[in-house]
Every structure is written in C-alpha cells, then in structure tokens.
Amino acid sequence: MSNIRLFFEKSLSLNLNSTLDKSQSHYLSKVMRINIGKSFSLFNQSGEWEAKVENIDKGIVEFLVIKKLRSANREKEIWLAFAPIN
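Under our numbering, the sequence shown has 58 at position 58, and the numbering climbs by one with no breaks.
Everything hinted at is true.
Below, in silico cross-link-like pairs of lysine to aspartate or glutamate (EDC-like), each with a Cα-Cα straight-line distance of 16 Å or less: (1) Lys22 to Asp57; (2) Lys22 to Glu9; (3) Lys30 to Asp57; (4) Lys67 to Glu48; (5) Lys38 to Glu50; (6) Lys10 to Glu62; (7) Lys67 to Glu50; (8) Lys10 to Glu48; (9) Lys58 to Asp21; (10) Lys10 to Glu50; (11) Lys52 to Glu62; (12) Lys10 to Asp21.
Across the chosen pairs, the derived CB separations fall in these ranges: (13) Asp57 to Leu14: 19 to 25 Å; (14) Ile78 to Glu48: 22 to 28 Å; (15) Tyr27 to Ala83: 46 to 52 Å.
These are calculated hints, taken from the structure and not from any lab test. Just so you know, even glycine gets a beta-carbon here, dropped at the ideal spot from N, CA and C.
Start from the sequences and build out the full structure, keeping to the hints where you can.
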C-alpha cells in the first residue's frame with residue numbers, strides 16, 4: 001500500500017471503475033511516477049478507500065476501488081448557549 005492519498009469529489013464504492021481529473025492524473029503518473037497495478041488511497045466525505053491503477057491513457061489515470069480502509073469520522077456539533085445575568 002502506498003502513502004499517496006488523493007481527495008476524490010465523486011462518490012466512492014467497492015469495485016468502482018473511474019478516472020481521475022487531469023491535474024490528479026498528472027500528479028499520480030508524472031510526479032509520483034505510479035505504474036499500472038500499483039495502489040493508492042482516495043478519500044472523501046464517505047471515508048478512505050484503496051484503489052489500484054488500471055490504465056494510464058493520454059495522461060488520464062483509470063482506477064478500480066478495491067477496498068474500504070476506514071469510514072469517515074462524523075464530528076459532533078458543539079453548541080454554546082449564552083445567557084446574560086443581570
């Protein structure tokens with residue numbers, strides 16, 4: 001498992017086949033030099049997922065989500081009440 005983590009705006013689910021946008025594809029393929037078959041992490045509001053690079057074509061990375069690593073932590077709302085005393 002790689003230490004590469006990317007934010008993915010769209011919905012993620014097990015066995016999802018999708019593509020990264022152009023800037024994330026460039027980062028993954030050119031900057032991090034990831035190859036086909038290698039894994040990386042995607043996260044969004046639903047949690048963190050492990051994905052595998054399926055194809056790199058014309059600079060666009062196609063991936064397959066292979067497992068869910070963790071669910072998102074829903075932060076509890078904090079309320080503050082103020083009552084002035086005379």
